[in-house]
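Asks: Work the whole structure out from these sequences, hints included.
Okay, here's what each chain looks like letter by letter:
Protein chains: 2
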Amino acid sequence: MAAIRLKVSSRALVSGDRLPSIRSFAATMGVSPSTVVEAYDRLAAEGLIRARRGSGFYVAGSGLPPMTLSEAGPPRDRAVDPFWVSRQSLDADPKVMKPGCGWLPADWMPNSALRRALRTLARGEDAVLAHYGSTRGSPTLRRLLLGRFAKEGLEASPEQLMLTGSGTQAIDLICRFMLRPGDAVLVDDPCYFNFQALLRAHQVRIVSVPYTPTGPDMAAFETVLTAERPRLYITNSALHNPTGATLSPQTAYRLLSAASAHDLTIVEDDIFADFEPEPSPRLAVLDGLDRVIRIGSFSKTLSASIRCGYIAARKDWMEGLVDLQVATSFGGPSPVATELIASVLAGGSYRKHMEEIRGRLARARREVAIRLESLGIRPWLMPRGGFYLWCRLPEGQDSAVLARMAVEEKVVLAPGNVFSVSRAATAFLRFNVAQSGDSRVFPVLRGAMAAAKK
Amino acid sequence: MAAIRLKVSSRALVSGDRLPSIRSFAATMGVSPSTVVEAYDRLAAEGLIRARRGSGFYVAGSGLPPMTLSEAGPPRDRAVDPFWVSRQSLDADPKVMKPGCGWLPADWMPNSALRRALRTLARGEDAVLAHYGSTRGSPTLRRLLLGRFAKEGLEASPEQLMLTGSGTQAIDLICRFMLRPGDAVLVDDPCYFNFQALLRAHQVRIVSVPYTPTGPDMAAFETVLTAERPRLYITNSALHNPTGATLSPQTAYRLLSAASAHDLTIVEDDIFADFEPEPSPRLAVLDGLDRVIRIGSFSKTLSASIRCGYIAARKDWMEGLVDLQVATSFGGPSPVATELIASVLAGGSYRKHMEEIRGRLARARREVAIRLESLGIRPWLMPRGGFYLWCRLPEGQDSAVLARMAVEEKVVLAPGNVFSVSRAATAFLRFNVAQSGDSRVFPVLRGAMAAAKK
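So the protein lines, in turn, are chains A and B.
Just so you know, the first sequence maps onto residues 299 to 752 in my numbering.
Just so you know, the second sequence maps onto residues 299 to 752 in my numbering.
Be aware that a few hints might be false.
Same chains, same label: a pair holds when it works inside one copy or across any pair of copies.
Stated by the list, open to error - SDA-like cross-link-like pairs, simulated, lysine to any residue; straight-line CA separation at most 20 Å:
1. K305 to G480
2. K305 to A349
3. K708 to A425
4. K613 to L346
5. K751 to R340
6. K650 to R589
7. K393 to E423
8. K393 to D424
9. K393 to V426
10. K393 to V329
It is worth saying that the hints were derived from the structure and are not from the lab.
Replies: Written as structure tokens, this is what we have:
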């Protein structure tokens, strides 16, 4: 059944094509003809194929089964896959508690600066309100970003920077630019779940290396580079998602050396940078944007509603990336969006706001760790910053089971295996400390754990 | 040389791989060994391959040549390909005249309604300013759209509609959902140039049928369906881009019948709908969103800076499309963007504004046609609405040559062949009548035509 499904989904067989005869397919598969008869009958019952009297089996009616990245169905029933957390959290009604989600509560965001920016924009130029803007996006925002890079010691030219519709779209463009179906792409285990969802859409092979408190396990990393020849490595260095770990200088150096020896390109997602209490090593800075591509966005710190990301990369790659963005989005990101972001970033209040947020997160992190500890749930490490706590459950607990139970009680958790390519994180949950303050979260968790134990 | 380049770009050969020996490659290609030697030498001079003393030729150093959709290089020098008009118009400085571009001048847009909407938003909820929003996008805007569909006689349920980052992103998502590299996709000849750019990014085979004043040439359409078995047909029905033609009821019916017989899915881009003086046949309405997918956006009528598009399609396709949007953009379109758009659309002034714009365009269309006539440039047909005039040049003129000359004089034209898969439109230019009012446009055109004649 799987073999026929594969032929149909890969379109080796299309609507109306005749399936192999029972006898020949039995021979090909090394099974008995009666096994093939049963498989064909079941596929016919599913509607994928159809029997025609006296002439065999044919691929049925209405065209190609559309590409599915995950099982369809109403959110509640769907598999706990890399889409589970995003769909559950994005589409949750406002009463649902989301300790598993990947963003700050709305009232933690710099909304008054944004409101000022909106009022300023309402008095701005017609062209900003009406037009597509340039293909690389707002020069003002690009200059601001280049200035921030320079302060880190990363000198880049304006030609090396383009704005995109979001951080995710930045990675997507790079994947389109670099990858072909079947290529191998390396990610951390665990890693941000949407890397997996995105890579599935590119039909590439996903390979992974275990992540340690100082970065990827370098022995495993080097072995995978030799064995799998991945084309791309996608990671985030500052405050790694989901673990909150920090890349050490030694791992960073060894990683870049291995990448160079194997001609590996690296996408470094810098989205949590502004949450760091003090700077940590960055691959993009060490490498000077040669084989490392930096991407980022403003969704975590400024607004997830005003979508904008960026790509900083080698100059000779940018024309191709810009063409791809024109082909697939037409134009760069919204000038209205980039104007608002530039206006908040350039304003005096943003730095102060981020300082406050870092302090608030540090307190929330300690408090949530203590409350989790009382349930026997322990952080894998205590992050230097950011809003995640990657936690191990007590012996015998399965995070997917807890997540399914908790969602019935209006609590969205982030179970470990959605982050794990090897599915080795059954015993882990990722907590967002800023979203775990509601006193109803812990009783639900405690109840689910007790029920699961029974 | 082309064969080796293809092997490298398709990655049949990767960095470090040995090239076929000169003798064997000569035999494969049916050429003399000295021809292969010369080809290898030239490729080595280009840096693509490298000779190693006594051991043959190898693919050179630094990794995969990245995917290029068009020739790279500074915009002025680049080929007049489907990216030419977009890159020239989007990145033009404000002094450049753009009679070839695809949008209205900024002061024709409903900016005062937008300014009001921005001020309202500045007083709005934190969540709208701060959060991603739901995966299908703003329920308010979706309800508004469904109400408009119902007025056309198209009843659709909320589950059949999702908002996207732009109209282009809507088509891109559908292509990702439906297509695999190598599939055939059918477009009109001529068609909107970015359909070609987008389809190239999907690595599909682009096939085309001639467009007539009442829709695609149906005899050619039926022949292509049989011969090429295209998976998808992408078109726009109301005020076809670039011709301004209108689909007739007879063509619409025959087209849908042929699509049904060949199990063809149709993407109907409805982006110019609000420019129609009175409604014309729509495939999506006739078919009831079964095999027709409607997409649209607000870029032409409301703002190209506030990016948002939509997809209306069969209910059973939507979960997969939503997953793809989450994987590749995370979340739906910006809640800030959809709030602004909903606010303008729901306001009383939008309908009045569009009435005025239609009148203004009708006058501009007549005036521009008269001025073009004086240069011997004639509209292929006089459109019922919209801002395009698809015009034939006098005998012997080549629109790409004129476009190259005009861009030096700060005028961006839209030469015919960027719209034509068969490159049969050398003698055509697309004019945007709203952008042709500047008195400097026609002298530049006249001068270029005179120079080209010499």
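Asks: Now tell me, hint by hint, if it's right for this structure.
Replies: Evaluation of the provided hints:
1. K305 to G480: Cα proximity of K305 and G480: in one copy and across copies (16 Å, 16 Å).
2. K305 to A349: within (17 Å within a copy, 42 Å between copies)
3. K708 to A425: between (45 Å within a copy, 19 Å between copies)
4. K613 to L346: The answer is between: 19 Å across copies meets 20 Å, while 48 Å in one copy does not.
5. K751 to R340: neither (37 Å within a copy, 70 Å between copies)
6. K650 to R589: neither (34 Å within a copy, 54 Å between copies)
7. K393 to E423: Classified as between; 16 Å across copies, 39 Å inside a copy.
8. K393 to D424: Answer is between; shortest inter-copy Cα gap is 15 Å, intra-copy 39 Å.
9. K393 to V426: Answer is between: at 16 Å across copies they meet the 20 Å cutoff, but 36 Å inside does not.
10. K393 to V329: Neither: 53 Å inside a copy, 73 Å across copies.
Hint compliance for this structure: hints 5, 6, 10 are broken, all remaining hints hold.
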